[in-house]
Amino acid sequence: MNNLRRIDLNLLVTLHALLVEKHVSRAAQRLHKSQPAVSHALANLRAIFDDPLLVRRAGKLELTSRANELLPKLTEALHQLGALIEQPAFDSAHEKRVFRLALSDYGARVVLPGLVRRLRSEAPGIDLQVSQGSRVAMLAGVHDGEIDMAFGVFQPPLSDELRTHKLFIEHFVCAADKNTLPKTGDLDKTQWLSRPHVLVAMQSSEGNEIENALHREGVSRRVAMTLPHWGVASHVVPNTDLILTAARRSFDLFLKDSPLQLFTPPYPIDPFEFSMVWHSRRESDAGHNWLKQAIIEMLQEDGAKEPDESGIAVPALTIPPTSTQ
Numbered sequence: 001m002n003n004l005r006r007i008d009l010n011l012l013v014t015l016h017a018l019l020v021e022k023h024v025s026r027a028a029q030r031l032h033k034s035q036p037a038v039s040h041a042l043a044n045l046r047a048i049f050d051d052p053l054l055v056r057r058a059g060k061l062e063l064t065s066r067a068n069e070l071l072p073k074l075t076e077a078l079h080q081l082g083a084l085i086e087q088p089a090f091d092s093a094h095e096k097r098v099f100r101l102a103l104s105d106y107g108a109r110v111v112l113p114g115l116v117r118r119l120r121s122e123a124p125g126i127d128l129q130v131s132q133g134s135r136v137a138m139l140a141g142v143h144d145g146e147i148d149m150a151f152g153v154f155q156p157p158l159s160d161e162l163r164t165h166k167l168f169i170e171h172f173v174c175a176a177d178k179n180t181l182p183k184t185g186d187l188d189k190t191q192w193l194s195r196p197h198v199l200v201a202m203q204s205s206e207g208n209e210i211e212n213a214l215h216r217e218g219v220s221r222r223v224a225m226t227l228p229h230w231g232v233a234s235h236v237v238p239n240t241d242l243i244l245t246a247a248r249r250s251f252d253l254f255l256k257d258s259p260l261q262l263f264t265p266p267y268p269i270d271p272f273e274f275s276m277v278w279h280s281r282r283e284s285d286a287g288h289n290w291l292k293q294a295i296i297e298m299l300q301e302d303g304a305k306e307p308d309e310s311g312i313a314v315p316a317l318t319i320p321p322t323s324t325q
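Count the sequence shown with full-length UniProt numbering and you get residues 1 to 325, in order.
FYI, nobody ran anything at the bench for these hints, they're computed from the structure. By construction, the Cβ of each residue, glycine as well, lies at the ideal position given by its N, Cα and C atoms. A hint or two may mislead.
[Said to hold, decoys possible] Straight line, CA to CA, 20 Å or less: simulated EDC-like cross-link-like pairs of lysine to aspartate or glutamate:
#1 Lys189 / Glu62
#2 Lys292 / Asp127
#3 Lys292 / Glu146
#4 Lys189 / Glu209
#5 Lys292 / Asp302
#6 Lys33 / Glu273
#7 Lys292 / Glu211
#8 Lys33 / Asp127
#9 Lys73 / Asp8
#10 Lys166 / Glu273
#11 Lys166 / Asp302
#12 Lys73 / Glu211
#13 Lys166 / Asp257
#14 Lys60 / Asp144
#15 Lys189 / Asp241
#16 Lys96 / Asp50
#17 Lys73 / Asp50
#18 Lys292 / Glu273
#19 Lys22 / Asp50
#20 Lys189 / Glu161
#21 Lys33 / Asp105
#22 Lys22 / Asp285
#23 Lys22 / Asp144
#24 Lys178 / Asp302
[As the list claims (entries may be wrong)] Beta-carbon label-pair distances, calculated as ranges:
#25 Gly218 / Asn68: 47 to 53 Å
#26 Ala224 / Ser25: 15 to 21 Å
#27 Ser131 / Asp257: 30 to 36 Å
#28 Ala77 / Ala201: 45 to 51 Å
#29 Glu161 / Gly125: 47 to 53 Å
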């Protein structure tokens, strides 16, 4: 009871921000306070709990055992207190905040153009810090609080603390120079296998959806070029006999003046789910929830407008209700 007299709600809110962010500057930014003020609060909290709470290991702050015990209890306590006090609605037009997103260049191509347009229109004070990494690195960043949201293809099961939402199902198409294709505008299995291919992969070709499909058929293709990025892939195909098989949304939406022709792969390739992942600690964050919903709505709108002049229609995006993993 004596300790209760030494602590107020503001200190508890500061403690929660510090334990979630594991970073004094980011906690200060989140709380709209100065870094010295948050550092002073941390010193008081360490004295109250008789524990360092955050310790530096390998160049970054980590939670102590005591802090790990406190975090879920503190989150629940603040959530219950919040239910008693009417919280002001998130004001996107005036809010000033930074969100950290992790995406591949494919994810950036799909998510960022529409999202940035929406932010500049509805939330001009919201800034984005975008990073790229492997799937494992992105999930680790979300888990450690270094990343607010990650986007990509994530195989279950995920950590119990992570939440996921399927944004859409993506399909594969092939692209080749129009002048190298027969009048039908596509290739049969024999023609397709006889041509050299471009592969987009961060590491090896093993285990990706295309190679898995070919393995099921007992065939293999010649990969003449492997690239780590989607962005340049479609630009190396024109004026060559190369074939690029990639996610439909990695290509320009309007292909009227493109030298490329898109066509359906002659071998059936499994589609993949493109998802958004965040940590459960963000569930009570009104700004975080606003951004998630803005992304879902933006993808719904963009999906409904995607053209099919290329002859390869993109299925309308169906956004399911939020699910947890």
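Each hint, compared with the structure:
A hinted pair counts as satisfied when its Cα atoms are at most 20 Å apart, and Lys189 with Glu62 does not qualify at roughly 54 Å. Restraint check for Lys292 and Asp127: satisfied, since their Cα atoms lie roughly 15 Å apart, inside the 20 Å limit. A threshold of 20 Å between alpha carbons decides the hint, and for Lys292 with Glu146 the separation of about 17 Å falls inside it, so the pair holds. With a C-alpha separation of about 17 Å, the suggested pairing of Lys189 with Glu209 holds against the 20 Å cut-off.
For a cut-off of 20 Å, the pair hint linking Lys292 to Asp302 stands: about 16 Å separates their Cα positions. At roughly 40 Å between alpha-carbon atoms, Lys33 and Glu273 are farther apart than 20 Å, so this suggested pair is violated. For the proposed pair Lys292 and Glu211, the alpha carbon gap of about 33 Å is over 20 Å, so the pair is violated. Of the supplied pair hints, the one linking Lys33 and Asp127 holds, its CA atoms being roughly 18 Å apart against a limit of 20 Å.
A threshold of 20 Å between alpha carbons decides the hint, and for Lys73 with Asp8 the separation of about 16 Å falls inside it, so the pair holds. At most 20 Å may separate the alpha-carbon atoms for a hinted pair to count; Lys166 and Glu273 meet this at roughly 6 Å. A hinted pair counts as satisfied when its Cα atoms are at most 20 Å apart, and Lys166 with Asp302 qualifies at roughly 16 Å. For the proposed pair Lys73 and Glu211, the alpha carbon gap of about 47 Å is over 20 Å, so the pair is violated.
The hinted pair formed by Lys166 and Asp257 fails the criterion: a straight-line CA distance of about 33 Å is larger than 20 Å. This hinted pair checks out: Lys60 and Asp144 have alpha carbons roughly 11 Å apart, not beyond 20 Å. With a CA separation close to 16 Å, the supplied pair Lys189 and Asp241 stays within the 20 Å bound. Proximity of Lys96 to Asp50 is assessed by CA-CA distance (about 35 Å); at most 20 Å being required, the pair is judged violated.
Of the pairs offered as hints, the one joining Lys73 and Asp50 holds, with about 18 Å between alpha carbons and a cut-off of 20 Å not exceeded. With a CA separation close to 17 Å, the supplied pair Lys292 and Glu273 stays within the 20 Å bound. For a cut-off of 20 Å, the pair hint linking Lys22 to Asp50 stands: about 18 Å separates their Cα positions. Restraint check for Lys189 and Glu161: the C-alpha separation of about 45 Å exceeds 20 Å, so the hint is violated.
Proximity of Lys33 to Asp105 is assessed by CA-CA distance (about 34 Å); at most 20 Å being required, the pair is judged violated. A distance of roughly 16 Å separates the Cα atoms of Lys22 and Asp285; the hinted pair therefore holds under the 20 Å criterion. Taking the CA atoms of Lys22 and Asp144, the gap is near 8 Å; set against the 20 Å cutoff, the hint holds. Proposed proximity of Lys178 and Asp302 is contradicted: the alpha carbons are some 27 Å apart, above 20 Å.
Restraint check, Gly218 to Asn68: a C-beta distance of roughly 51 Å satisfies the suggested window 47 to 53 Å. One distance hint, 15 to 21 Å for the beta-carbon pair Ala224 and Ser25, is violated here, with the actual separation near 47 Å. One distance hint, 30 to 36 Å for the beta-carbon pair Ser131 and Asp257, holds here, with the actual separation near 33 Å. At about 46 Å, the beta-carbon gap between Ala77 and Ala201 stays in the expected band of 45 to 51 Å.
Taking 47 to 53 Å as the suggested C-beta distance range, the pair Glu161 and Gly125 does not conform, at roughly 29 Å.
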